[in-house]
Structure formats: structure tokens, C-alpha cells
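One line per chain: the protein sequences are A, B and C, in this order. The first sequence maps to residues 4 to 269 in this note's numbering. The second sequence maps to residues 205 to 662 in this note's numbering. The third sequence maps to residues 672 to 1105 in this note's numbering.
Treat the hints as calculated values from the structure; they're not laboratory data. Hints should not be assumed to be uniformly reliable.
[Said to hold, decoys possible] Heads up, simulated DSSO-like pairs for lysine-lysine below, C-alpha to C-alpha not over 30 Å straight-line:
1. A:116 with B:656
2. C:884 with B:301
3. C:702 with B:542
4. C:983 with B:542
5. B:656 with A:110
6. C:702 with A:116
7. C:702 with A:135
8. C:920 with B:656
9. C:1000 with C:1100
10. C:830 with C:918
11. B:542 with A:156
12. B:542 with A:110
13. C:918 with B:656
14. B:656 with C:1100
15. A:38 with B:542
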Amino acid sequence: MMDGMRKIERDTAASDIKIQARSVQVFYGDTHAIKDVSVDILDKTVTAFIGPSGCGKSTFLRCLNRMNDTIDIARVQGDIHIDGDDIYDPSIDPVQLRAKVGMVFQKPNPFPKSIYDNIAYGPRIHGLARTKAELDEIVERSLRRGAIWDEVKDRLHEPGTGLSGGQQQRLCIARAVATEPEVLLMDEPCSALDPIATAQVEDLIDELRRNYSVVIVTHSMQQAARVSQKTAFFHLGNLVEYRETGQIFTNPEDARTESYITGRIG
Amino acid sequence: MTTFAFVALLCVSVLGYSLNRHAATRLRANGTRLHSVPAYHGLYSLLSTMVPVVTLIVTWLMLQGPLIDRFTMSGLPAGSLDSLDTGGRQLILAEIKSISRGRIFGDPEAWKVDAADRYVRMHAISGWVLLGTVIVASLGIVGFSRSRVAAEFRARHGVERITSGLMLFCSTIAIFTTLGIIAALLFESIRFFERVPIMEFFFGLNWEPQIPLREDQIAAEGAFGWIPVFLGTLVITVVALFLAVPVGLLSAIYLNEFAPSRLRAVAKPVLEILAGVPTVVYGFFAILVVAPAIRSFGATLGIPVSPNTALAAGTVMGIMLIPFISSFTDDALSAVPKSLRDGALALGATRAETVLNVLFPAAIPGIVGGILLAISRAIGETMIVVMAAGLIASLTVNPLDSVTTVTVQIVTLLIGDTSFDNPKTLAAFALGMMLFVVTLVINVFALRIVRKYREAYE
Amino acid sequence: MADVTAGTNPGPKTVSTADVVRASLARRNRKQTLLQVLGLGAISFAFLMLFILIASLVSSGYHAFTQTHITLDVFIDPEEVPLERLPRGGFDDVLEASLASVLEDTDPNDRATMRALGGLLSNGAQFRLRDRVVEDPDLVGQTIAMTVPVSDPYDQLNKGLIDRETPEQHRRLKDFEIAWFDQLMAKEAISKPLNTGLIANADSRFPELAGLKGALIGSFWALFVCFVISFPLGIGAAIYLEEFAPKNKFSDLVEVNINNLAAVPSVVFGLLALAVFIGWFGLPRSAPFVGGMTLALMTMPTIIIATRAALKAVPPSIREAALGVGASKHQVVFGHVLPLAMPGILTGTIIGLAQALGETAPLLLIGMNAFITSAPSGPFDSATALPTQIFIWADSPERGFVSRTSAAILVLLGFLITMNAISIYLRNKFERSW
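Bound-form chain A, shown alone (with noise of 0.2 Å):
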């Protein structure tokens, strides 16, 4: 165990700063539901966002791609660059900024559509496939990074609502991934899954620290511990602590972080 996180904690020194966020405030109406955060989130790392719930973890994870917007009532300051663009530039198209950064939500999400159309949604929209041969192909890769192609490639024209929650979760990965992301954004995702589909989006979310820089948001403590190299503890909308997961969960600097991880804040 303190093998393994030796091994992390030498991986993500080598990894570049992707997002980096600087005095980030949310209101929703009146409500101060996030206060100031800064943090800066590795490439090709898995992050971990914990806290209690309410403490607006999914809040500060919504502004990462900006679907904050789609909420009338939310404003956001502050400054949130992705690979040193201001992200909430005017000049940003949140549709350009999206289609970078994937988003899987808590609850399985796939369109009433068939399986193959859940997957090539995203290329068609932003036009990347050309040809059908190539929209089959990005199909392909992205069921087979979804793990989930060998379940599905016989009934690709089915629709996706007819699969188990597991699936249709790793369907929403898949989904996710074909657009090519850069980042991909995780609320909960296993939330409302079972144990074993749990394990195995999990091992999935280990699989794509490989191409992306993953943020997850988590309320499991364990979950945090076993997928992700870094973790940040929200309460009450400020950013507590942000450090190696490994040192959160066994030297935790803050009483607060403490704890939580102990138990005493639920």
C-alpha cells in the first residue's frame, strides 16, 4: 500500500498543470456556495473531490465546464484557465469549451436512442468523422475504452435505455470519450451503480488516467482512496485541504479534514 503510493505521488510530479482555478465564487441567488477556491488539477491524474454533501464539490466541478451556465440563477467569478485559456473569456464558446472537457454525471444519462447513436452523437455534432467508416471507427474505440464494447457489439442498434445501470453508465463514459476530451469530469458516477459495476467503472476511471486528466467528484471515502492520486476536501464551500490522496487520508493537516475522514462530519 505505501509502495503503491510512493509510485503515485513520483507520477504526479511529473504530470503538467491543466486546469488551474484561482478565487473561485459561486452564488446561487443569494446563497455563497462556493468561497474563493484555488486549486490546480494535473493532466493524466484522477483527482478526487470529497467533502460532505452540500459542501459544493459538484458546484465547483459544474464550473469546470462551465454547466453552471444552464442554471438561471448561478453566477460565477473568479478565474478558471484550462491550458492557460481563460475559460470564461467571452470569447469562449462553452460549446468549443465542452467538447474538451467531458462530463459523466451521477445518474446514467444515455439518450433514447440506439447504443451506436448514444456514441457517435458527440463526433456528429462537432463534425468529426468524416465518413461512416470513421464514425464506426471512433464508435468502436470509444465502446472499447469504455469497456463495454465486447457487451454491446452485437446489439449496437439497440436502444441504450434497454441496458443494466452499470452499462448504461459505461455507456455514458464511452459516450464521453468520444469526442476526444481533454478532461473529463466525473460527478459521483458511481452513485447509483451496484458493487460490481461500481469495481468495474473503476477500473475504468484507472484506465483513462492514461489520455485524460480525470476530476471526480466522490462522497466515498474509499472510492477517493483507491482511483485517484490527488484529493481535495470541500466543507461548506471552501477548499479545506488539497493534497496527495495518500497523505490526505493518512496525515490529514487540517482538523476539519480530520474529521471528516474519521467520521465526525457526515
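Add chains B and C to chain A, keeping to what the hints say.
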């Protein structure tokens, strides 16, 4: 006299209520433990008096009119009704009735005045007998229920049984209404088909419901083929949908996805107002504004437009249907789970792409159901077409021509004509039956689609 | 952006997604703008239509809220109106003579001129004079001041609806008639007060006399009957279905029936009423009572659906609390649930009645479009209703009826808006969140 009967019933039932209540209170005062509180004993008496006696009065009133009419007619001197058809007999009856009300025109024959006297007398007798029966029956029931007041009598259960029965009766009204519609349409249609061959009605290409008023009159036989009439209905419906479907869909999409919340707050009530405008107002709007506008527009283009063009009626009907379709689309779009919208947006779809590729296909069943209901509404819509469409049936699909519709024909055939024995009036019922069947099929189908769709997302 | 990522992201692709997206973004945004423009256009179209509808009604209807009157000194000539022949007499001649005495260039012996003069006054003027004289026969031989409506063409002229520039042969008033009117104007005999007749008079063949009294009373009786029948029956049915009905075939059948009835064309209800109420039960034609029964059948589904929704909204905790202290199911429903649901039920009922008030087609079929010049005295008298009166006036050829129709529609819409406002007020006042 009917009023007296109701007043008597009311008094007796209230009397029964207080009798029973007092009796029960006295029992309790003597230290007996009652099963039901005194008020329930009173209510029991009240309800068991009211329900049967009101039923009696209503039945009496329903039967009294036709029976007295029949007695009046059969009591006329022999021979006075010879060589008269049903219409003629009804005229005589109407004359007798108007004499009985004191409205005398000219110098009626003596036998008519006699008959009117008898008519008045019979009504008076019937009223007195009714009053007597009501008093006797209600007093009897009150006496009976008074005798049942006892400690162990379950008055509350009795009251609840009666109210349950009443509520059950209320809910059967819907069934009776449907049965009444079917019976009325079927019965009169059968009488129509006794006079006009059924094949001619269903497959005939001519609709000319003029019939000779006198034997010797030279007139067309009258033709009753419903195809041109139905075709006219379809032409107007299609014009209406051409306007209402795109406008309704687009405005719902805009309100649901793009509109700033302040516009939405204004637009929804505006659409509701548009939906609440009575159709007779739309009809007047058609003749006051839309038809002249279309005619003058056609004139500037050099196209002859008939005054009762299908286009005008269809356009106004389309305006009427806009809020209908837009509210169904709005509901259907709102029912699509938010997660699907988020999923598409997170993939980098624009809002337009999200609506068109993901939300809209997911909402299609609900929208189709709404459009089907709109079609059924357009087919059954009456006032707009009565006021703005034509009267002459013609086999045309040109919206600039004048066409007639099923509902227009029903109304024009029945306005101002009372007798039920000529093909002209009966034809209206045959058309009504077709209208009922067509709209029923569409409605059942549409409601099924809408319900299935709702279940899918619940 | 691609330059930065190129080194760090050796994925299988050769071109980065960001580049492809950027290239097509303008096109995709144009598509979005197009959809927005179309949507905005659609909603504006709906707004515009409502605006034109209201504007055309107001602009043609507001004229009918005033009525041109003329004030005359009438000498009741005993030769024309002999006491012994009352109520018969030449009241029209008396009026024409008094007009002739006011106007210049009129020869009392020229029959044609006198007839044209008579056309200046409403047809009702002579009857109003007659009624006054019959009431007080002493007036014969005296001169009295009378204010009576002018006939429709002069009313239109006074309201500027007849263009004086139109060539005489296309105009409804000849040059000399306009000159008369101008003389009367100059003598300040013409006034244009609020048209109380619009509400106080019953129907008439003459636009300047036609009013809505009969229609308003007819509509009142019809709605009253509709309410008395549909309210208790609808609530009873809704309570049964929502609270007591077992889940079985019968309940399903009732439910399907109610949903379908709500969508049956209104004209079919008219056929039902004609065949069953009038044909089989022998109820009188044109009676608001029959109209009310028909409307009740149509309103019931609305009330049932609204009542069920209101009952559903009462939280189970209230029921459980009442059941917990030993109340029977009936006591719970009638004592606790129903009172709490009442505001919702009333809201639904008012909306249902507002729909019923605007309903026309079934009333036409049962003969409520008859021409009746007196207001009904009860629900069994022949009468018209507001919407059917609108239909009758819209069908009338006289020009004056156009603005009357619009005015009648404005009155109808006024009632509908009031009813809806009441229901919105009720909803807001009594709405509670559980």
C-alpha cells in the same frame, strides 16, 4: 305547483331531521349510550326522505309533459288530425299550448280552445296529485325513520351508505352522458338511413340537402353524400395545422429553451388568454378582419378569392390552436428529464442541437398526442366555420375556394327546424355520428399516446 | 490552445477536437440563432394576433358604447293622436312634424320629405312617445321635450363612420340628409351620451335599439342551472373516484369516459340535448334551462378533473391524523379533506363556468339563437345567451350591428376576464404549501 312540492319536501325533511335529532338527544340524556351521535340520526332521516322523493319528483316532471301532450292529442275530436303528418300534428300541439298560455293569435277553432282548456286542467291536476304524493310519501318516510331511532341503530352507517350511493350515482353520469350521446346519434341516424340509402351517405359525392317542401314542388331530390362535406372539413383542418403546428412548436421551443424568464412570465398568460377566447369571437374575427385581409391580398395579386374562403376559416382556426399545441409541446419538453439535457450540453451540443436532437425526439410522443387532440378539435370546431366557411359542399382541395364542413352542415340543417321526420334534419344526426366517431377514435388514440408517454418518464 | 496541448496529449487523433469544433462553431451558432429567430417570430406572431384581435374589437366596438340622441320639442297634435283612439295614433307623424318645424327647407306637405325625415329617428322613438302618452293622456295637446335615439345611419355619421367625401350614390345618407343633420348639430339638438341601452334593452331588429339585456339574463340563467347541476354532481363524482372507488373495471370505465367527454366536440352535446332533452323529454326549445343542462354535461369533466387534482393535493398526513383519532373515512373526507380542497375546487369550477359562458354551438342547436325582443323572466322562457347573441348580431346585415357585435364581445370578454381573475385571486389567496 312543482315549487310547492319542493318546498313541502324541504319542510317535511327538516322536520324529520329535528324529530330524529331530538329523539336521539333525549335517549342520550336518559343515560343510554348511542352508537351514532344525534346529528347522524337527524341526517339519516333527512337523506332517506330527500333522495327517494326528489327522484320521484324529477321522474314525475319528466313523464308529465309527454304524457299530457299525448292525452291532449288523443282527446281531440275525431277527424281533426286526419291527413296531417307529424310536423302538422306538432304545429297543432304548439298552437294549443300557446292558447293555453293565453297567447291567442287570430280566432282559433273551438276544438283547439277546448283542447287548451283540457291541457291546462290536466297540468293543474297533475300538479296537485304530485304535491299530495310528495307530502304523503315524505311524511311516511319521516315516520318510519323516526321509529328507527334507538341506541343501537347505526345511523352513521346508514348516512354513509346513502352518501356513497349518491356519489356512485354522480360518477355514473359520465357513462350516462356517453350512452345518451351514442343512443341519440344512433337512433336518429338509423331513422335517417331508413330514408336515405347508407351507401349513398358514405360514398356519395354530392351533398345537396334541399328537399321539396310540397309534393308538387319541382326540386332536386336532395343528395346526401358526406364525402365533399368531410373533405371540406379536412381542407380547413389542414390549413389550420399548417399554421398552428409550426408556430405552436417553435414558440414552445423558444419559451422552453431560449426565452428570458421575464418574457416567459408574459408569454404564458398571453397564450392562456388566446386559449380562453370563445370560438364565437374567433368566428367574428374571421369575418371582420381575416377574410377581408385575405381577399384584398388576393386582389392585389390578381387571384380571385371567394368570400368564404377555406383559407380564412383555417387561418383563424390555426390561431385558435396555437396555444393548444404550444402548451402540449411545452409540457412534453418539460417532462423530458433534465439529465438528458445536461448530457447533451456536456458533450458540447449547442442549445439548439440539444433541443432538436435530444429533447424533441424524446418528447415526440407527447407532442404527437397533442397534435392529434388538436386535429380532433379542429374537426369538431363549430363556430369559426359556421361564421367564416361556406354552405355549399364542393369537391375541392383548393384552400382559396369556399368549402363547407361537417359542423357547419349540422348547425345549418338544425337551426330553426323542429320536426325530426325529414331527411334534412336527420342528416344532421348522421353527420353528428360520423363526427363523434372520427373524433372519438382520434381522442382515444391520442390520450393513449400521451398517457404512455407520461408513464415512460415517471 | 492546440499548440499547448499537442506535446502533452499524444492521443490517437491527428487533429485535436478543439480545432474541429472551432472551425464549425460559427455555422452551428448560426443555426442556433436561426432557431431562436424563428421561435421569437412564432411567439411574436401569437402576440400580434391577440393584439389585432383585441384592437379590431376595441376599435370597432367602442362606438357602440355611446349612442347618438336627438332632443326635440314635440307638439302632440290632438288631430294626429286623438285621445279616444289611444294607444293607436299617428305618433310617427307627430315626430316628423316636430322635426320639420326645427329644420329649414322642409315642406310638411311633401310625403317623400316627411318619410326621409322619419328616417332620421330610431324606429323605437314613436313607441317611446306612445308609451309616454298612454301613461299620461293629459299630454295630448301639449308640447313636451323628448330625447330619443337617432337611426343607425345618422348614428354612424355622427361617429364619423360615414365618410362625407364618398360620392353621394355610394353613401347611405344623401347630401340633403347630411345637411339636416348638420343643422340639428348647429342647434345643439344632438347629443352622444353613454349607451345605456346596450345593457338595458333587449334585442331588436334596429341596431340603435338593440341591447344585451335578454342575452345577459339568458346567460345568467343558463350558467346558474349549469352550476347547480354540475357543481354537486362533479364534486360527488370526483370524491367517489378519488377517495372511495375500488380499482376495478367500472372505475376505469368511468375514468376513460370522463377523459373522452372532455374532448367530444361541443356541437355533439348540442345534438344530444336536441334529441334527448327536447325531442324525448319534451323540454321547451330556446330555454336557458335546457342550455344550462347541456352546459352542465360539458362542464362536469372540467370540474371533476379539477376537484380530483385539489383532493390529491391534500397531504396524506391530514387524512392519517383524522383517521388516527377514530374518524370514519366519510368523516375524514367531508370534514377535513373537502374543506381544504375547496379553494382548488372553486378555482376549477369558475374556469369551467367561464368556458361554459363562451360556449355557442350547443346553444344554437337547442334554439337559443331565436329573435326575442323581451328579456326572459325565468329559466324556462325562450331566451338567447351572450355568445349566441353575438352570433345573431354578427349575422345581421345592418352596419350598426358590426360595432354592437364587437361591443357585445367586449362585454363577454370582460366577464371571462373577471371570472378568471377571481379564480386566480382565489388560487393565490388560498394556495398553501404543505
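Hint-by-hint comparison with the structure:
At roughly 18 Å between alpha-carbon atoms, residue 116 of chain A and residue 656 of chain B fall within 30 Å of each other, so this suggested pair holds. Proximity of residue 884 of chain C to residue 301 of chain B is assessed by CA-CA distance (about 27 Å); at most 30 Å being required, the pair is judged to hold. Under the criterion of a C-alpha separation no larger than 30 Å, the hint pairing residue 702 of chain C with residue 542 of chain B is consistent with the structure, at around 23 Å. At most 30 Å may separate the alpha-carbon atoms for a hinted pair to count; residue 983 of chain C and residue 542 of chain B meet this at roughly 25 Å.
A hinted pair counts as satisfied when its Cα atoms are at most 30 Å apart, and residue 656 of chain B with residue 110 of chain A qualifies at roughly 23 Å. Taken as a hint, the residue 702 of chain C and residue 116 of chain A pair is honoured in the structure, with Cα atoms around 23 Å apart against an allowance of 30 Å. The hinted pair formed by residue 702 of chain C and residue 135 of chain A meets the criterion: a straight-line CA distance of about 24 Å does not exceed 30 Å. Between residue 920 of chain C and residue 656 of chain B the CA atoms are separated by roughly 19 Å; this keeps the pair inside 30 Å, and the hint holds.
At most 30 Å may separate the alpha-carbon atoms for a hinted pair to count; residue 1000 of chain C and residue 1100 of chain C meet this at roughly 29 Å. Between residue 830 of chain C and residue 918 of chain C, the direct Cα distance comes to roughly 65 Å. Violation of the 30 Å bound is thereby established for this hinted pair. Restraint check for residue 542 of chain B and residue 156 of chain A: the C-alpha separation of about 29 Å stays at or below 30 Å, so the hint holds. At most 30 Å may separate the alpha-carbon atoms for a hinted pair to count; residue 542 of chain B and residue 110 of chain A meet this at roughly 11 Å.
A threshold of 30 Å between alpha carbons decides the hint, and for residue 918 of chain C with residue 656 of chain B the separation of about 19 Å falls inside it, so the pair holds. For the proposed pair residue 656 of chain B and residue 1100 of chain C, the alpha carbon gap of about 35 Å is over 30 Å, so the pair is violated. Distance restraint check for residue 38 of chain A and residue 542 of chain B: the Cα-Cα separation of roughly 27 Å lies within the 30 Å cut-off, and the hinted pair is therefore satisfied.
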